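S.K.: Letter by letter, the chains look like this.
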Amino acid sequence: MEKYLYITLFAPLVGSLIAAFFAAKPKELYTGILTSALVGISFLSSIVLLNYVDADTILHVKMMDWISVGNLSIPFGFVVDQVSIIMMVTVTFVSTIVHIYSIGYMEHDKSFNRFFSYLSAFVFSMLILVMSDNFIGLFIGWEGVGLCSWMLIGFWYHKQSASWAANEAFIMNRIADLGMLMGLFLIYWEIGSFQYDIVFANILNLNINTVTWIGSFLFIGAMGKSAQFPFHTWLADAMEGPTPVSALIHAATMVTAGVYLIIRASDIYFLIPDVGYVIASLGAFVAVFAASMALVNRDLKRIIAYSTLSQLGYMFVAAGLGAYWIALFHLMTHAFFKSLLFLGAGNVMHAMNDELDIKKMGGLYQSMRATAILMTIASIALAGIYPFAGFFSKDKILEVAFNHEAYLLWFALFIGAGMTAFYSFRLVMMVFFGEQVHKRLGFHPHEARPFVIYALTPLALLSIVAGFLEYSFHAFVIDLLRDYKFTLDHSVGWMLIVATTAIALSGIAFAVYKYKRGGFGAGVESLGIYKLLVNQYYIPQFYNNAILKPFAAISTFFWKQIDLKIVDATVDLIGKMFYNAGGKTRQIQSGNLSSMLRWMVAGIAVMLVLAIILRPMV
Amino acid sequence: MIGLAHYLVLSGILFSIGLFGVMKRKNLLMLFFSTEILLNAVNIGFVAVGRFYGDMSGQIFAFFIIAVAASEVAVGLGLIVLWYKRTGSIDLDSLQMMKG
Amino acid sequence: MYEVIAFYTFSLLTIALFGVVVISKNALYSMSALAGGMIFIAGFFFMLEAEFLGVVQIIVYTGAVMALYAFGMMFFDTTKEVRERVHAQKVIYTLAILVAVCVVFIVSGPIVGQKMQALYPSIEGVGNIQMVGLLLFTKYLVVFELAAIMLLVAMISGILLVSDRMNLDLTLKDEDDKEREMI
Amino acid sequence: MGEMAIVIETVIKAITVLAVVAGMAAFATYIERKVLAFMQRRLGPMHVGPHGILQLAADGIKLFTKEDIVPQNSIKPIFKIAPVIAPASAFTAMAAVPFFPEFTLFGYTVHPIIADINVGILFVMGVASVGMYAPLLAGMSSVNKWALLGAARTVIQLLSFEVVTGLSILAPLMMIGSLSLIDINDYQMGGVGSWLAWKQPLAFVLFMIAGFAETNRTPFDLIEVESEVVSGYATDYSGMRWGLFFVGEYANMITVSFLVSIIFLGGYNPIWFIPGGLAILLKISFFIFLFLWVRAAWPHVRPDQLMWLCWKVLMPLALLNILLTGIVLI
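Quick mapping for you: the protein sequence lines, in order, are chains G, Y, D and V.
Mind the numbering: the first sequence is residues 1 to 618 in my numbering, read in order.
Mind the numbering: the second sequence is residues 619 to 718 in my numbering, read in order.
Mind the numbering: the third sequence is residues 719 to 901 in my numbering, read in order.
Mind the numbering: the fourth sequence is residues 902 to 1231 in my numbering, read in order.
Derived by calculation from the structure, the hints in this document are not laboratory data.
Listed next, the in silico DSS-like pairs over lysine-lysine satisfying Cα-Cα at most 30 Å (straight line):
#: 1; chain 1: D; residue 1: 743; chain 2: V; residue 2: 977
#: 2; chain 1: G; residue 1: 359; chain 2: G; residue 2: 159
#: 3; chain 1: D; residue 1: 808; chain 2: G; residue 2: 584
#: 4; chain 1: D; residue 1: 743; chain 2: Y; residue 2: 703
Because the structure is a prediction, the values reported are computed rather than measured.
Extracted from the complex, chain G is given alone in its bound form (with noise of 0.2 Å):
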């Protein structure tokens, strides 16, 4: 069994490093078939463990010592357990769906093997991020992740504003990654190692204050990666990557690793109950934030980017009350959806010619139907709506938050829900029915190519079915992670039930009616609470005056005042005492070997006098 879980994990970036010895030449269609066959056959391998691991059997392998010096030793370990096989599946099939893609996303682009090389170095990142057996391996994946985030969100770096963006998500991580890595010390400095099975096994031990400021300082990283508030400005201006790689960022790789950290630290969340809550208030929080401003935002693959911000507030209330299993499943259902919505929304703007604004859209759905029924299937699983799989994650979400007699989150969500479905069918809507605005601005919309909208298929399938997984997933997971207890009554759960549903629905219809007659007048427009909505609540000019500017002031000030009149000067000091120093010796190299004889002859006799002087007094 150990080779498929080199295979799996290693395939990605065998393909990886054959594409990027292409990087620089003209296209190369193979480099693209070749890594998508490569990840795929990753998916089909991580299929053959999925099938392997059970309650008894998880695959642990040490691959080789990697750091070892005194105490410390951090071996290359991979584990495939219940919760790192879910998530290999998930990244490997949705990667795979990405790459195929991405061939025809990326047919024309002139750095076709260079993308490739970049999307498969990013799945193996990935893949050492959840297989790792140790935080190490996890931090190591984690900032692959990073790295490749950086490098394909600004894959387009000629234009000012991707180059913006990339580096914009680069450090807004890193500022996180520093509570990350705060966490991973305090784990060495109490425990002593990194391994998940002694750092589990020791927690318990101690100090409950030890074990809150560990959890707080994942949480941040975690925060980070999955651009919750305050980081989750990157998310939306990480759009101006290509689409797959969105798709790849925001269904599979990049956002879900945060979650997928509380997951697997579940052990140490469990210990910390307030903690847990925060987390969940938080999540509460930026599903409603987040879905506020997915309502009025007009960027396509922004709405989607919100909406995706909003269901990580979701995974994270789940995980945060306590329901780990809970929030892995919806992770792995809205990976499907969300990956289908993004391809779907990729598929709209080549037909716009990467036009993204919806209001000059409407109609659509006469030239791209498939596209048009994919994502509108997507959009429904997205709202909720049995039997679509967002139904089973979502509304179990909210069983949790009314289970924890948590009514607040549970009306943030609830309302949530309802927003979300709104923003979905907004979308839909305003793309592919109504108004043909597009031919009046002279686009010539085309369907994408037959083999990627085969390819979508897949996923559109499973947001479909996903759902009904609900009870094998269910056990096959919590043989690793903590059960969840509901305590509710069964009649309540089926009130629950309705109402989310009926709000859903309630969205919906109202989007369908609103938008079927063209949409809100333009004095919606002036009313405030849009243009709070539509600023982002005001948080990106926030952090430019609040946190940008003093810097950059600091920041001149430093450079101007104290870095070139005190350090440069000093250095300049030295610099030039060298200088005049070798100035002055300079003759001594004069190249004529018989004065280079003499000085040596000098030295010589410097010593000898030297060794008289200061001999050993016998």
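Given the structure of chain G, go ahead and fit chains Y, D and V onto it with the hints provided.
M.R.: Same frame as chain G, now just chains Y, D and V:
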């Protein structure tokens, strides 16, 4: 009797002569001669110390020094001849290309 | 008694000959004096009971090294007086005398390492040559082989350096060389 | 026996050797003429004394009384010293050669060797190689093109053939395990059958050839071959200075004859009824005759042929011989 110090003093004097030659001579060939003096002076020192301490290492070292000297001649002389063919001079001052 | 006579005679002769080497204006004098000095140094080796080294000194230094120098000198005009622009003579003399005085002072003083241990003491009843051979082929085998390789390399490079091909200038190419090549 | 006695004995031995070898060298010139004449079906010197035996004295008187010419532009001190080196080194080399077996004179055991050092053979070869400085310095100090050419040839020829000498002699030395000539001699005590020439025929031949080259004898007399370089290094020499070169050359010849006899042909060990002293005399007489015989019979070679012979034929053969000996000894 002649002791170790005698030989060492002799060695030191010869070494100084060699150093003097190395400093004074500008002719490359002479420079090589002076180098040979230096090497031989050291050899005497080595062998004398080895002899008076009953240690063979001194002689072995002298052997290797002789080997080095032989290689030095083979390469050095080749270079001098080459230089002479090029420039028509074996004066040290003609060899002044590496000006600092 | 005889050893003292021999030592002082040899010392004076050697110093005188080496002095000639460094002072003489004629390269041939220097060469002859150096060759003579080498033989006296071999004499010292005999006195120090290093017969083999003494013979090697004669064969290698006098027989081969100096003969090679002589051969090399035939490329140059040996009869011409060696003209050297020497400046700051006083510095040279001062330095040389200073070094000499220092060295003499250091080595003529009490030797510090009286308790020095012989690492490879000579074995009683084993001749000098056997001893040398024993050491060369056991303890110093690697060094010995390396020295052999060094000599081989030196030989090859010596042959290459004076061969005709080296006349083709690769680094110091100037106009004359180009013309010469064209011709 | 005090130190003084050793000194006196050594001095007597040295004088004896000097006198005898010098005499032999002088006599060898007479022999040479006679043998050459014999080879060429003529009489050679006949008029001075019976069978021209006093020709020797006549030549000596001529050499001693001839005007000593020192060329104007030559480097005079070196020019004057150079001829002395030839006989000096030749005679010094003989210090380590045992000429005869031990014998008792007036109840006093005499070792007919001046200094029995345990590196004897190397010493002889080393000092003999110093003899190269005579033609070398002579040629370089004469400031004469022929002389310089002769000097150049000296260096090339002697240096090259020293390699062959050393290598060829290495194989027998490996068998004997000592560098002392007395040990070498004693190794072959068991009569004619134990002569090293039988065990090391290749080394013997190589050593002989190299010996011819080292002593500048025909066919390898390129240093002073008249048809090419007039008289080589000796072009500018005359009188006794020239005579010294001559003495040196013949002394070298005798040394080589002794060496070959001792190393390869049983040395001064008695053969059958012939006592050791006489045996070695016969052997060196034969070798001196051989030198002359070859001179009469062979043309000399070109310098390039000489080098070719040395580096491409003799040296590989010598190495091969060492290898074979090593294998056999193991």
